[in-house]
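Peer 1: Listed below, chain by chain, are the residues.
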Amino acid sequence: MLERRNDGGEEASSRWLRGPLRKRPLLPLVLLGSMVVIGLVLEAAVYGAFRWPSKLPLIGLFLVLALRRWRAARGGR
Amino acid sequence: MLLSIELITLAFFLVCAAHAVASRGREGVWLYGSLIALGFLRENFVALHKLLYEFAPLTLRLGAAPIIGSIIWAYSIYITILWTEEVTDERLGSRPWPSWSFLSMAALFMAALAGFYEPFLKLIGMARWEEGTRTLLDVPLIAPIGYASLTVLFLLAWTWIRRTRFRGGRRLAALAAVLLPIALGHALGLQALKTYLGW
Numbered sequence: 001m002l003e004r005r006n007d008g009g010e011e012a013s014s015r016w017l018r019g020p021l022r023k024r025p026l027l028p029l030v031l032l033g034s035m036v037v038i039g040l041v042l043e044a045a046v047y048g049a050f051r052w053p054s055k056l057p058l059i060g061l062f063l064v065l066a067l068r069r070w071r072a073a074r075g076g077r
Numbered sequence: 001m002l003l004s005i006e007l008i009t010l011a012f013f014l015v016c017a018a019h020a021v022a023s024r025g026r027e028g029v030w031l032y033g034s035l036i037a038l039g040f041l042r043e044n045f046v047a048l049h050k051l052l053y054e055f056a057p058l059t060l061r062l063g064a065a066p067i068i069g070s071i072i073w074a075y076s077i078y079i080t081i082l083w084t085e086e087v088t089d090e091r092l093g094s095r096p097w098p099s100w101s102f103l104s105m106a107a108l109f110m111a112a113l114a115g116f117y118e119p120f121l122k123l124i125g126m127a128r129w130e131e132g133t134r135t136l137l138d139v140p141l142i143a144p145i146g147y148a149s150l151t152v153l154f155l156l157a158w159t160w161i162r163r164t165r166f167r168g169g170r171r172l173a174a175l176a177a178v179l180l181p182i183a184l185g186h187a188l189g190l191q192a193l194k195t196y197l198g199w
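Chain order of the listed sequences is A and B. First residue of the first sequence: 1, per the numbering used here; consecutive thereafter. First residue of the second sequence: 1, per the numbering used here; consecutive thereafter.
It is possible that part of the hints are untrue.
What the hints assert, rightly or not - Examples of chain A residues toward chain B, derived with CB under 8 Å:
#1 Leu-32
#2 Val-36
#3 Glu-43
#4 Ala-49
#5 Arg-51
#6 Ser-54
#7 Lys-55
#8 Arg-68
No lab work stands behind these hints, which were simulated from the structure alone. Remember, it's a predicted structure, so these values are computed and weren't measured experimentally. Every residue gets a Cβ at the ideal spot worked out from N, C-alpha and C, and that includes glycine.
Sequences and hints are given; from them, build the entire structure.
Peer 2: Below you can see the structure in the form of structure tokens.
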């Protein structure tokens, strides 16, 4: 199930498990982002409420991450 | 509606578990397992001692608390670790102890997460805070403190466990010895702080 990497760490040996996740190292953050969207849509559509102000800090922190990755990509890192 | 939210959360939780194993190997298994244990203990203490809030009668349960209450901690703290590693360029476990900036950024992210979870949980009736709990934008004032403090406590405990270099049964025993008092102490301490502040 696990195999040792050259840097001494370990990772899953299953290609099925390793492949998609290696290509998407921040997949859990994407899931959380989609959860925020689902939450907003449910609040608005089902309950008739749209309580976005309390979500602004989290959205802001996601933007910080996006900005850092964008700058890293521009810098060719 | 509630069941579909429980199932979506459970599915996301499982993807995060797979991610932890795939990207961190054996340490990922221990890390995620510890987070599950922490969430289970913390939420069951809250339910059994009737602290802070009550739970809706949800379908999926584990012990005295709903499964979603237990797993949401693992899911959230794991995502917080990923976000913090990315913005601080510091991998958890790469230093003897996490830096202050790592701990404070993790605390900040968890506090922000409270602003997302709490209004939604209130709206759908999933978490029922004590009568008279003070809120801002439907976020109980004590919630961001609770989210952030449990995360910081866990990160310090996890780092200590790694530093001991215990393996197998000894590591399991060390985890139990650390996570039990953290879970109980956090629930009791947060309740005491909430009462003291009148929040």
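Peer 1: Just pull the numbers of the violated hints for me, sorted ascending.
Peer 2: none
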